[in-house]
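Peer 1: One letter stands for each residue in the lines below.
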Amino acid sequence: MKKFLPLLAMCLPLMGWAQNDNPMYSNGKIYVVVAVIAVIFVGLALYLVQLDRKITKLENEK
Amino acid sequence: MKGSIYKVLGVLLVVYSLIYGLLTKVPDMPIIEESIRNLFYHVSMWFAMVAMMAASFWNAIRFLGTEDLAKDRRSISLAEMGMFFSFMGLFTGMIWAKFTWGAWWTNDPKLNGTAITILIYLAYFVLRNSMDDARKKARISAVYNIFAFVMMIVFIGILPRMTDSLHPGNGGNPGFNSYDLDNGLRIVFYPAVIGWILVGTWIASLRYRLKALQE
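Sequences listed follow chains A and B, in order. Following the numbering used here, the numbering of the first sequence begins with -14 at its first residue and continues without gaps. Following the numbering used here, the numbering of the second sequence begins with 80 at its first residue and continues without gaps.
A hint or two may mislead.
[Said to hold, decoys possible] Among the chain B residues that face chain A by a calculated CB cut under 7 Å, a handful are:
| hint | residue |
| --- | --- |
| 1 | I84 |
| 2 | L88 |
| 3 | V90 |
| 4 | L92 |
| 5 | L97 |
| 6 | L285 |
| 7 | R288 |
| 8 | L292 |
It should be emphasised that the hints constitute simulated quantities derived from the structure, not laboratory data. Even for Gly, the Cβ is constructed at its ideal location relative to N, Cα and C.
All chains should be modelled from the sequences, with the hints used to inform the complete structure.
Peer 2: Have a look at this one:
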């Protein structure tokens, strides 16, 4: 996880792309939603990593 | 670790598409408006599905050439993953259709073609489960897989383009290319497609390895 944080941080300055004239974006709360979605997907990815490791362990035992 | 690079890359690309898909500037189109962002999520499901089915098809052919059961396990795992993507594409498409075309389901050739494709692939899973002998099962399902893949290409790739369709890029409707002038959509859409294909390959490989362990 720590490895990816700098990558995500690098993306931050580019987020000014969001449309400001649209009510969905004008109050800036869209970033909260974006962060939530990203956290959910990263969580799923970490779950997959764990599953992958467990299967690797089983393969090594066999 | 070397074999895991594609997994990390896949996750990063999907995360990128989730973030930028919501934040990037999109063309202002009537009716679809902000829902044009579904291009990054809904359409990438279909691209990932076709890639999974193509890889499954390729492994089916390789099985017939080598009689190696590992190829058969790869083939079925990839088809299962492709099936998952097609259901996700179908359900997300239904939501999108409700708010742009006004109905959950229309008689659009692409929708009906997809429904037929899903039925063809469901028959593939039923066919597999109806046989006990591993070699016979693998051989017959590999042959059926080739048929199913060709049918998929016909139903979702060829027929919708020959008749009128509500989907962009079919039957005289413009594709995304024509109004995609600032490339704003493309720089999110292509990474999303590649990301989902890589993540799908990863999950399929987990299923494949589990199947190998179970035997």
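Peer 1: Determine for every hint whether it applies to the structure shown.
Peer 2: Cross-check of the supplied hints:
1. Interface restraint check for I84 (chain B): the shortest CB-CB distance to chain A comes to about 12 Å, outside 7 Å, so the restraint is violated.
2. Taking 7 Å as the C-beta cut-off, the interface hint given for L88 (chain B) is violated, the closest approach to chain A being about 11 Å.
3. For V90 (chain B), the shortest C-beta to C-beta distance to chain A is roughly 4 Å, which falls under 7 Å, so the interface hint holds.
4. Contact between L92 (chain B) and chain A, as hinted, is not supported at the beta carbon level, the nearest pair being about 11 Å apart and thus beyond 7 Å.
5. At its closest, the beta carbon of L97 (chain B) sits 5 Å from a beta carbon of chain A; the interface hint therefore holds under the 7 Å criterion.
6. The interface hint given for L285 (chain B) is met, as the beta carbon of that residue sits about 6 Å from the closest beta carbon of chain A, less than 7 Å.
7. Interface hint status for R288 (chain B): upheld, as the beta-carbon distance to the closest one in chain A is roughly 5 Å, under 7 Å.
8. A distance limit of 7 Å between C-beta atoms decides the matter here; for L292 (chain B) the minimum to chain A is near 6 Å, and the interface restraint holds.
In this structure, the earlier hints numbered 1, 2 and 4 are contradicted, and the remaining ones agree with it.
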